[in-house]
Amino acid sequence: MSLLVTAFDGIAFGCLLFVLAVGLTMIFGLLDVLNLAHGALYMAGGYLAFLVIGEVPTSLAVFIGVALLAVVAGLVLGGGLSVAIRPLTRRGHLDQALLTMGLAILLSEFLLQVADRGFHSLAAPRGLDGSIAGSYPAYRVAVIVAGLAIAGATFWIFERTRAGALVRAAVDDPEMLAASGVNVRRIRLSVVLAGCALATLAGVLGGPLLNLRAGLDTEVLVLALIVIVVGGLASIRGAALGALLIGQVQTLGVALVPELAAYLLFAVMAAVLLWRPAGLFGRAT
Amino acid sequence: MLRLHELTMRFGALNAVDGVSLSVGEGERRALIGPNGAGKSTLFAMIAGALRPSGGTIEFDGQDVTGLPEHRRARRGIARTFQHSSLFAGLSCAENVALAVRARRGLGMRAWLGSGRNMDIKREVTGYLDLMELSEERPAGALSHGEARRLEVAMALAQQPRLLLLDEPAAGMSSAESARFAELIQNLDTTLLIVEHDLDVVFAVASHVTVLASGKVIADGSPAEIKASAEVERVYLGTAKEIWC
Amino acid sequence: MLTVEALTSGYGQGQVLHEAAMELPPGKAVAVLGRNGVGKTTFVHTLMGLVKPWSGSIRLGDDELAGLDTRQIARHGVRIVPQGRRVYRSLTVEETLAISSGPGEWTIERVYELFPSLAARRGHRGDQLSGGEQEMLAIGRALLGNPRLLLLDEPSEGLAPLVVEELGRALSSLEGMSIILVEQNLHLAVAVADEVRCMVKGSFVYQATTAEFRRDPAAAKEYLGVGS
Amino acid sequence: MRESVMRGGDARMSRLTRRLAFAAALVLLAAMPYMLDAYRLDLLAGGLAYGLMAASLAFLVGHGGLPSLGHAAFLGVGAYAAGLTAKHVTPNVALQLLVAIAAGVLFALLTGWFAVRTRGFFFLMFTLAIGEIAVQAATRSTRVTGGDNGLADIPPTGLDVVTFYWWALAVVAVGFGVLVLLRDGPLGRSIAGARENEARMAALGYHVTGVRLAAVVIAGAVCAAGGALVEQKDTFVAPTHLEIGVSVLLLIMVLLGGRQTLIGPLIAGVGLIVLRSVTSTALGELWLLVEGALFVICVYLLPNGLLGRRRAQAA
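Chains as they are written, first to last, in this note's numbering: chain A, 280 to 564; chain B, 236 to 480; chain C, 1126 to 1353; chain D, 70 to 384.
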């Protein structure tokens, strides 16, 4: 039974990881930029909510309002990010990664200065702070529902709409898309904005699950990176599958073999890289 | 010395190279020609070891090397140049060639070398650079196109290969450059296999010519025979005379 | 219609086009012929802005295209069917055509009429198509932009003879469209083109109507054949 | 590379001047105990250790073209190995150092074996993940490492501040010398070759994966030596020593000093550690913000680092 609960926790965690990783993987697919500020964006969402509503439970409406506020913040930060990386387009991958890492430090340290360096956690909104089916926390179920809804919406947009088709085409062959007269730069900008907004949204969603603290940005960034290493770059399916897998590995690992949990993640990543160097859904280059 | 037997490479449904058998004798200078998509580059990559064939065997010096990785073939004496100059752009010309010399002498992984050996290597490097008319200290990334092509060859020569594979060495050269280049190649005494579009270069350099079309060998002979072959003219000019009034 | 003057370009340090000059009469199809590696692909890539011109001029009607980026050139009504087709691998036929479609006389239905076998595969992704179907999709994608100038780069490469014939019929039916066709397959080239240009070492050295070209096997032998 | 490009025909002469400068700097540093008080000497020893680790990272990133985002893991491996040796085996600092280096080599082989098979972004991500996983491992393996509280009760080295400073200086000088010699030797050139063009290296007969792995092992071993010094100086090591922040600090040193050189990051390392300590009372936790800003400024304005820029102008 407790194992089942843990597995369920893993699903909730996996959903959270997906919301975070999907933006990371698409920004990479379209811009060829590894956004190491993605973890800091997550943290920004969480701290924004903490600064607005504190640690006391609020009504669901207020919580949702804060989540929307975080989305707006994500859009703004995403705009800043795409302006910041533009001068470096010709400077190679390392410089771009280093820049986003520098921005991540600035952002997360700024947040820690504004709040403080202690541990904080958001409270689940009223109505979702109880438990269902005996003892399972209702908020985790809500995260699963929200995660699945976001995943579903993402899939629908990418796979069923014209906008999604344009994004996929821009990943496949941006040059040919430009040769059809499409403004590829605008598509890239939209994806950066959407990806960053999803990251800050994930920060609010995850607020009641993971403690807000110094170092949170790197921790979630690394998990999201492992997700896309495992799933394959620029693949939505890969991000989804990777997120669920890593969510389980991490949650079950920590519960069952706490001393080995870290190596378990490494082992999964190494195994996938050896077996399929481009990730489960990645493209061989 | 090099013997290909029924060599085949499939990409999906396409047979890029389709049962090619071919042998190159010691000291021969063989050119491979054919229209785009004939499979020349694929064949080349298989001989060099960069691609694993889907079928058939490659024999070098009487031994089956089909399964050997590229760097092991290089050590057995197969050297290649690349279709698009593939140099160490940030390193000097001398360092480019020195990497090849040290690799051949098995010194590439040594932590340190005595000055005697270093001088020895330097002398050898200078020799190859002189042969290809290049200066030592310029970074490879700053060379003109023709110079870069010559540095390609200098590096391959520094491997002292028994078989030298040249992949479109004259591509992008001016007529004057490619004529001078053909002269330089003619003076080498290595067994050569060369893929080249510039037919002037091919006929100036090659002792034998093999023509490939749609992955198959369609003609094989001396340059004179190839020039006269109706079959070769057909693949180059289209399927038939019927378009001519 | 299209006037190209003294066009030079290349990759990195390697110059490929040497003062290439040609004219395309409005509504005509011109075949660009030449041996491997003479710069035909670079020529169409430079027209499309995929390779930046070093110098020279590309005038389409009254517009100067040299120096514009690919998207701007596309906005001026140029479309390319590239070598190797480069269809979007993760988009279905239907999706590819939908995102390529602009206002004008070409509609998705009309593309399906031109290539019935494409209609049958409308739900398949680009990487699930055969070479011939990919070629048709690439052509359809270009046509939906209602191009003033259509660039075709070796459409017959790697295709079976029957498929090439079907392509030839389809392309011949585009009567009145301004086309530059790079081809190795002389059959297809003379079937589709009104005029012929031959390229040697990055420059145009020969021009003739297709009819004149067909009476002049010596020219073909000189510019395209093996003997010298 | 860009460096070897800039070395013109006067390479031999500049090598001589460089050796002289190195010797002079060494003499000057060795004389520091007669000029500085114990506190500053201790600080300088720490700075030198970080400088050495920055140089090892520059070897990997600049010379090897292998951009590691988790180099602090090697610091941690060296520090924990030295600390555990001190605690359970021997008080001999040299033996502790050797164990640390051996641990660094082992860790480099273990993780590098996977890492060098990846390219570009995968390498970045992989090293970042290795670094983070190392932190977790150090935190969670409470029985061995003391978990979050760090490895406590490490017996002191028994060396006084001056003697320890000389010991640290000797280790840094030798470590740095080894890096320079290896960079300029055949293996170092092969590593540069693998950075510039892997395909060509394979065609020349090199085992590229092996060459790349050698770069990781060299950098890892030298960094572990630096980690051992850090532990010996403070007789303490905790998971915070491995955190991404430390990797970032090392990267800033590399960027600031210029990734094409080894000496630049060494100097930047010493400078940054001293600067951090001097300003720590004034800035407090704002230091990390300063660090982030420094990082961003480096990427934008100093692609070649302070030293690299000067060299480019001189050439």
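Since the hints were derived computationally from the structure, they do not count as laboratory data.
Take the hints with a grain of salt, since some may be wrong.
Unchecked claim - Mimicking DMTMM-like on lysine to aspartate or glutamate, the simulated pairs with C-alpha atoms at most 20 Å apart in a straight line are:
| no. | chain 1 | residue 1 | chain 2 | residue 2 |
| --- | --- | --- | --- | --- |
| 1 | C | Lys1346 | B | Glu294 |
| 2 | C | Lys1346 | B | Glu466 |
| 3 | C | Lys1346 | B | Glu368 |
| 4 | B | Lys462 | C | Glu1347 |
Stated by the list, open to error - To give an idea of the chain B side of the interface with chain C (calculated C-beta under 10 Å), a few residues:
| no. | residue |
| --- | --- |
| 5 | Gly247 |
| 6 | Gly272 |
| 7 | Ala346 |
| 8 | Leu378 |
| 9 | Ser379 |
| 10 | Ala406 |
Since the structure is predicted, the reported quantities are computational estimates derived from the model, not experimental observations.
Yeah, the Cβ is synthetic: ideal placement off N, Cα and C, and Gly gets one too.
request  = Identify every previously stated hint that the structure contradicts and give their numbers, smallest first.
outcome  = Per hint list: 1, 3 and 7 violated.
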